[in-house]
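Chains as they are written, first to last, in our numbering: chain E, 1 to 459; chain Y, 1 to 459; chain G, 1 to 459; chain U, 1 to 459.
Source of the hints: derived by calculation from the structure; they are not laboratory data.
One or more hints might be untrue.
Copies of the same chain are indistinguishable here, so a pair counts whether it falls within one copy or spans any two.
With a straight-line Cα cutoff of 30 Å, these simulated BS3-like cross-link-like pairs (lysine-lysine) come out [unchecked claim]:
1. LYS333 / LYS369
2. LYS238 / LYS347
3. LYS50 / LYS406
4. LYS285 / LYS196
5. LYS347 / LYS440
6. LYS220 / LYS353
7. LYS236 / LYS246
4 protein chains.
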Amino acid sequence: MFDELKEECGVFGISLKNPSEDVMYNMYMGLFSLQHRGQESCGVAYFDDKSNIQVVKSAGLVAEKLLPQLPQNYPCTAAIGHVRYSTTGSAGLINAQPLLFKCNKGEIAIANNGQLPNYDILKEELIANGAIFQTSSDSEILIHLMSNTPGNDFESSLISSIKKLDGAFSTLVMGDKNKIIAFKDPYGFKPLAYGKLGDQGYVFSSETAALNILGVTDIKFLEPGELIICENGEIKQKLHYSDKKKASQCVFELVYFARPDSSVFSESVHQFRFNSGRMLAKNRKKDTDIVISVPDSGNIAALGFSRESGIPFDMGLMRNHYTGRTFIRTTQKQREEAVKIKLNPIKSVIEGKTISIVDDSIVRGTTSKKIIKMLRDAGAKEIHMYLSSPEVLGCCYYGINTPTTKELISTNHTPEEIAKIIGADSVTFLRLEDLRACLKDPDSFCYACFNQDYPIKKI
Amino acid sequence: MFDELKEECGVFGISLKNPSEDVMYNMYMGLFSLQHRGQESCGVAYFDDKSNIQVVKSAGLVAEKLLPQLPQNYPCTAAIGHVRYSTTGSAGLINAQPLLFKCNKGEIAIANNGQLPNYDILKEELIANGAIFQTSSDSEILIHLMSNTPGNDFESSLISSIKKLDGAFSTLVMGDKNKIIAFKDPYGFKPLAYGKLGDQGYVFSSETAALNILGVTDIKFLEPGELIICENGEIKQKLHYSDKKKASQCVFELVYFARPDSSVFSESVHQFRFNSGRMLAKNRKKDTDIVISVPDSGNIAALGFSRESGIPFDMGLMRNHYTGRTFIRTTQKQREEAVKIKLNPIKSVIEGKTISIVDDSIVRGTTSKKIIKMLRDAGAKEIHMYLSSPEVLGCCYYGINTPTTKELISTNHTPEEIAKIIGADSVTFLRLEDLRACLKDPDSFCYACFNQDYPIKKI
Amino acid sequence: MFDELKEECGVFGISLKNPSEDVMYNMYMGLFSLQHRGQESCGVAYFDDKSNIQVVKSAGLVAEKLLPQLPQNYPCTAAIGHVRYSTTGSAGLINAQPLLFKCNKGEIAIANNGQLPNYDILKEELIANGAIFQTSSDSEILIHLMSNTPGNDFESSLISSIKKLDGAFSTLVMGDKNKIIAFKDPYGFKPLAYGKLGDQGYVFSSETAALNILGVTDIKFLEPGELIICENGEIKQKLHYSDKKKASQCVFELVYFARPDSSVFSESVHQFRFNSGRMLAKNRKKDTDIVISVPDSGNIAALGFSRESGIPFDMGLMRNHYTGRTFIRTTQKQREEAVKIKLNPIKSVIEGKTISIVDDSIVRGTTSKKIIKMLRDAGAKEIHMYLSSPEVLGCCYYGINTPTTKELISTNHTPEEIAKIIGADSVTFLRLEDLRACLKDPDSFCYACFNQDYPIKKI
Amino acid sequence: MFDELKEECGVFGISLKNPSEDVMYNMYMGLFSLQHRGQESCGVAYFDDKSNIQVVKSAGLVAEKLLPQLPQNYPCTAAIGHVRYSTTGSAGLINAQPLLFKCNKGEIAIANNGQLPNYDILKEELIANGAIFQTSSDSEILIHLMSNTPGNDFESSLISSIKKLDGAFSTLVMGDKNKIIAFKDPYGFKPLAYGKLGDQGYVFSSETAALNILGVTDIKFLEPGELIICENGEIKQKLHYSDKKKASQCVFELVYFARPDSSVFSESVHQFRFNSGRMLAKNRKKDTDIVISVPDSGNIAALGFSRESGIPFDMGLMRNHYTGRTFIRTTQKQREEAVKIKLNPIKSVIEGKTISIVDDSIVRGTTSKKIIKMLRDAGAKEIHMYLSSPEVLGCCYYGINTPTTKELISTNHTPEEIAKIIGADSVTFLRLEDLRACLKDPDSFCYACFNQDYPIKKI
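The whole structure should be built from the sequences, with the hints applied where relevant.
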């Protein structure tokens with residue numbers, strides 16, 4: 001319904017010293033807390049009492065569809081899980097993760113966040129050499145590489161195979177009896193954190209919020225090119241399997257994907273968004289009566305904007321959080337107005353006011369246009385739109401679902417033109433240098449969707 | 001999961017001049033927009049092409065469970081709908097509304113928001129006189145009264161029967177071929193608004209947000225004791241079937257139940273909450289570093305508090321809006337911490353700060369205690385809690401689900417004691433006179449849950 | 001899919017001396033065994049530990065939909081249940097039984113098999129006198145009569161109310177704390193049997209098969225006008241509340257509805273059908289090569305036909321018992337042939353043979369036509385159809401769902417014409433006197449659907 | 001619930017000249033008609049309008065679970081489908097067929113009936129050489145062999161790969177743009193037939209009943225080692241890719257698995273069963289009063305027994321065909337008697353009689369014991385049990401799910417001992433030579449489960 005970039009996945013894993021029913025409980029709490037990273041399918045792989053791997057998957061939401069399938073009252077030592085936003089029309093459950101493979105390195109389950117930009121080429125090469133693929137998931141590549149590695153050693157084949165991948169991956173792998181292995185690509189595109197669950201063992205998660213909720217302590221972030229082997233709740237080995245490449249952490253995680261109560265790449269999401277709002281305010285067009293946000297993605301930046309500018313913050317748009325479905329028989333007019341079921345203006349806040357409205361980004365501009373119209377209808381006198389990120393000009397090949405370049409409104413239009421198209425009095429993007437200034441270590445990030453400077457070329 | 005008072009119902013209805021597929025579309029949009037007023041069951045009654053009444057009901061949410069049952073591509077002229085929070089263990093669907101009756105006044109469907117405090121007595125009297133009840137809904141009373149009225153006139157029997165009811169009801173009735181009748185009790189406890197859908201006809205709704213979303217204009221509020229008869233999209237009659245009694249509009253609708261983008265009883269919910277926050281700020285204990293809210297119920301009041309006090313507003317608690325379910329096998333510790341899955345502190349906002357936190361009310365104090373602990377764990381230095389309503393001291397008999405008086409924390413404890421119990425540095429309630437000062441017409445409201453001054457005595 | 005008369009209901013009940021988990025187990029086993037009497041909805045009412053009545057109902061089949069809702073591990077003393085074939089488009093669950101009422105005689109649940117032919121008149125009278133109906137079930141009538149009876153005595157009001165009903169009912173009622181009351185109308189239209197479950201208590205069932213399966217002993221049949229009050233597993237009272245009227249037991253129960261392993265009205269279903277086949281054979285048109293049946297309804301009669309005639313019995317039609325659903329997009333040709341998915345000829349049995357085929361009855365003739373065509377296509381040389389009942393000439397007003405008189409093929413056509421229409425070489429109906437000769441007490445049955453001699457006139 | 005050998009799969013496929021909505025309709029009708037061959041999961045693979053393969057699968061029954069997922073109103077040219085009885089605890093859908101693979105021979109979907117006895121060895125070899133397995137289905141082997149075949153030619157790689165397999169397989173493969181390839185192993189274990197759908201194209205099915213239902217003509221049976229390539233509704237090539245090995249058609253298909261209205265391996269199932277009953281009768285122990293069958297598997301043989309012996313056939317056991325589920329809380333006694341819910345004696349048939357009862361086979365003897373007890377309780381005077389197959393002495397490695405040898409009652413007991421164990425007066429098995437005498441070409445069958453003469457040794 002909304003016009004937005006889509007994060008494609010979240011991963012979560014746990015390894016305990018002793019079998020415990022807490023594993024399933026924590027998997028549920030963790031995946032539920034990462035639900036915003038993928039709502040189409042979810043799954044859990046766990047070691048059964050013979051150290052074989054069992055997998056439970058389902059289309060749909062964690063609480064509604066996965067929870068009833070999770071074994072209750074089942075003590076185990078380790079598990080990994082996944083939430084997924086399915087990017088293409090690819091048949092539902094077949095690509096749901098974790099995927100389970102049996103090869104000469106034993107049983108292996110894998111849960112991955114990321115994308116290999118040259119996956120198709122790698123896949124065709126492997127296929128030409130006799131490989132068989134059953135899913136359209138990047139993860140199969142890794143297992144084929146492992147399986148093609150001579151010898152039977154799980155760890156060394158895993159490491160040597162990872163080295164052959166070029167792309168974005170923050171991954172949890174399960175195998176070799178009771179091991180959980182976490183690793184990140186050498187660019188460090190996608191977030192992955194971990195910490196201690198009391199003295200029971202270790203927990204891994206795409207975002208720290210899911211760790212905080214479980215009371216995990218000593219939270220650290222995997223570094224680009226780092227790999228951690230966890231066995232029976234102990235970290236057996238930590239190593240850098242590769243030199244860091246040009247560090248390329250996904251800045252959109254901070255701009256939009258991650259929860260504001262998470263830290264990703266050692267950066268507080270809330271802090272970043274607040275600062276980006278401050279930066280926007282420094283370049284504000286006008287001191288309007290109020291500043292509002294497009295909830296929830298623009299909330300924190302709008303607070304920063306308000307703090308910097310002194311313009312009062314108010315909640316001018318009400319978001320309905322119930323999961324909606326589209327009524328089938330709708331007219332064109334009804335479809336255009338359908339956004340109101342999710343986002344409705346509060347007239348008493350809007351009417352007669354000059355307004356600054358803050359959102360995280362504009363992709364195609366379709367939702368922004370509806371929002372501006374809504375605010376005009378509610379009596380806004382002037383509407384100045386602020387985006388807490390620069391113009392989106394390029395597709396992402398590292399795990400974000402972006403429309404084609406042609407569909408991106410900023411590739412064809414100046415901010416002034418965009419303002420006209422969406423009906424705003426002005427549109428202001430955060431400048432890339434200002435966005436960088438909000439980061440502690442700006443050189444460690446990927447800005448390819450803004451500046452098309454791609455860390456890995458797509459062939 | 002949360003410790004809160006529960007609104008019990010929402011109603012929505014539509015009457016058009018000509019049969020249209022828009023009726024079902026609008027029923028869906030309207031009931032979806034009122035979903036916060038009841039999540040346990042929902043239903044729609046509509047006139048079929050022979051002016052007979054058909055009913056569709058389901059346990060669960062509007063989009064998930066009711067929508068698939070609604071007739072698609074079905075032109076009709078009028079419908080009423082209901083969302084319900086089931087107050088007791090009463091068997092699911094049997095009490096779901098609208099209820100459909102056949103009696104000597106024809107087929108009648110009814111969707112009701114409210115409660116008759118002396119329902120049991122009325123029911124026993126009717127039963128003693130031979131009445132048969134199939135549900136535990138108050139609405140059956142009205143139909144029995146109608147049926148016992150001599151003659152066959154639908155309208156006059158309806159009006160004379162309503163006059164015999166003493167309690168809270170904001171009701172939509174459907175019958176007498178193509179009529180929709182809306183009425184409110186003479187005290188005016190529960191909100192009910194209506195307006196014009198272009199020149200197609202009229203729409204009725206518990207809250208105006210659902211009307212705004214459909215583009216309804218000329219929105220008005222039913223007055224206490226008012227009744228409107230709508231037939232084929234025209235208002236056939238508007239009348240006051242009773243003198244106003246002591247106007248007793250439910251102030252908790254403004255404090256908590258209604259959406260901030262609604263107006264109820266001619267008062268803007270947002271405006272009221274903002275003002276109540278301002279009032280609280282005038283009595284603030286201390287100028288803390290920041291003010292935060294318990295989302296989402298404390299949001300607007302916290303903004304008002306910030307505006308009045310000049311203390312910066314921030315978002316210190318992250319709310320996960322996905323519908324959760326409890327993991328079955330949980331330990332006591334896990335159950336205590338379960339609130340975190342829905343509400344998680346943002347450490348970078350909280351740590352090292354003195355904090356004012358605004359919520360709408362304290363009922364039992366159980367959730368507040370968990371929140372305070374969460375904030376302490378996140379490093380809050382001081383926590384001053386502000387409630388944008390006075391102490392809840394009495395049960396409601398007019399349609400709010402309240403715990404027993406004994407369970408209400410304020411009946412047994414002073415604010416100072418409450419602060420100690422929940423772990424806050426101070427607890428401040430909005431004074432009743434300050435709450436009244438936030439209302440345009442304070443004398444028209446019921447404050448019984450605060451001052452135990454009950455408009456209708458419970459026998 | 002098939003062209004047949006439909007039985008409308010089955011009832012089952014149990015009363016034990018001591019609370020036992022066996023009650024729910026037996027309810028499940030019993031209702032599952034009566035599933036053929038109604039597949040649209042089912043339900044169970046039981047006394048909870050406070051002697052209040054709880055009801056569980058669902059649309060769909062007993063094993064699939066009701067079982068998951070039944071309380072597990074729940075000791076109770078008494079319950080009644082119902083399976084229902086819904087006759088009209090009346091909204092699913094609202095009419096599902098048992099129905100639960102609260103009136104001046106307390107809580108009453110009711111499960112009924114039968115029909116009051118003059119229900120509409122009774123209902124309108126009651127409505128005119130102020131009664132309110134919420135379902136379209138005949139059972140509401142009884143409760144209104146009870147409620148209108150002065151005084152509070154449950155038993156006497158029940159008995160005096162039953163006396164006012166004129167129609168077909170074999171009913172289980174639950175109320176007055178722990179009582180189960182079973183009764184039959186004075187004509188005795190519908191079957192109802194009961195017996196002892198060891199020394200635990202009593203079980204009631206529409207058919208004896210469900211009793212046999214549970215090991216019930218001392219099985220007896222309620223007589224027309226008999227009523228039994230069971231309390232805590234003991235028969236407290238047995239009485240004839242009315243003189244027998246012209247005994248009018250439904251002969252179609254023996255012809256078609258009941259399971260062949262049941263006895264109804266003291267007659268063995270298998271024995272009856274076998275004998276009716278014998279009778280048919282005595283009037284056979286020709287000694288064909290084989291005799292086959294339309295499974296499963298014609299099976300037993302075909303065996304009797306074979307035994308009498310000496311013509312070998314074979315299985316020439318294969319029935320697929322999996323529950324089918326219609327593919328939505330079908331052509332006219334596909335719809336016509338759809339019967340094959342349920343009934344397919346066995347070519348090696350049919351080819352080149354002269355065939356006698358036995359079915360229980362012809363209603364509209366549509367299925368018979370398809371079957372004859374199927375057999376012709378499979379190479380049958382001659383096909384003589386035998387029906388183990390006389391021509392169906394009249395609608396039933398006592399609990400069978402019949403098409404309108406106009407639709408009945410026999411009202412407009414002679415057997416010879418029917419043979420031509422359906423493509424058979426001959427069609428032979430069992431003569432009414434021959435059918436009567438198969439019964440032990442032929443005068444105690446209703447043959448109205450054959451001879452239009454209605455025991456109760458429909459006004 | 002029953003003690004029986006289980007067929008593991010059924011396959012069905014269609015290839016038409018022109019895109020037609022009939023493909024999906026026929027897939028539904030065909031798979032529904034093969035439902036008895038597998039009730040745990042089912043699926044359909046079809047070519048979309050770009051000649052890519054789409055797969056739809058589900059756990060559960062064809063009508064209930066698969067039908068709602070099939071594309072409606074969707075013209076396509078070819079599809080294959082599968083019903084599956086899952087033999088092990090292997091996680092539901094992951095092993096459901098058709099399986100879809102992408103390899104250097106393109107996209108390939110496969111639906112298979114059969115088993116490779118030395119699958120584990122083949123799999124371990126392939127894994128050792130770098131293969132990756134995602135399912136526990138034998139079908140993956142074939143694709144790995146194809147993929148390892150040099151070059152890109154689909155057909156030649158398929159044929160050369162099939163040649164490397166040693167085991168039972170009757171398979172439908174889909175790929176190479178619009179081709180459907182059907183083939184059988186050189187032993188010919190499992191049935192596979194095909195024929196013409198008017199002039200639209202070809203249909204393939206495990207059993208002919210599914211072909212008859214669709215009006216398919218010119219029905220032929222694939223021979224052992226035969227392969228047929230169908231493209232756009234035309235047979236492009238028919239070849240024998242291998243010399244016949246010792247023909248080893250599964251005789252249990254005739255004894256039990258196939259529908260009586262099917263022909264398998266050119267033998268009419270009905271004819272075979274009827275004859276096997278005749279053979280049994282020739283060795284009957286005694287001329288009893290009646291002969292009955294264990295429905296439905298013993299029906300036809302019992303008819304043959306009756307015909308030969310002149311002992312009247314009757315239906316003494318009533319089978320309830322509704323799908324049951326086990327009540328969770330049952331006592332040991334209840335579990336023992338649970339069979340009655342599916343199979344109930346007809347007392348009037350049984351009481352006081354000497355009885356011959358015919359079933360297809362005894363596996364463990366548990367169900368037989370319950371049936372004999374049931375008949376005794378119903379008053380049978382003598383019970384002689386006849387099995388229309390010889391003693392089951394060996395496990396099957398070619399696609400039948402058999403218990404371990406130890407569990408087979410006949411491996412440890414003589415017929416006399418078995419009679420004692422199950423409570424019968426005598427137990428008579430069909431002699432192997434008599435069974436062979438019922439077949440047109442007895443040398444072409446596998447009798448390994450009876451004589452342990454395995455066509456392929458299990459290593």
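Here is how each hint holds up against the structure:
1. LYS333 / LYS369: Answer is within; shortest intra-copy Cα gap is 14 Å, inter-copy 48 Å.
2. LYS238 / LYS347: between (56 Å within a copy, 28 Å between copies)
3. LYS50 / LYS406: Result: close only across copies, 25 Å inter versus 53 Å intra.
4. LYS285 / LYS196: neither (47 Å within a copy, 39 Å between copies)
5. LYS347 / LYS440: between (39 Å within a copy, 17 Å between copies)
6. LYS220 / LYS353: For LYS220 and LYS353, only the inter-copy Cα distance (24 Å) is at most 30 Å; the intra-copy one is 46 Å.
7. LYS236 / LYS246: For LYS236 and LYS246, the Cα distance is within 30 Å only inside one copy (28 Å; across copies 56 Å).
Violated hints amount to a single one, hint 4; each of the other numbered hints is respected by the structure.
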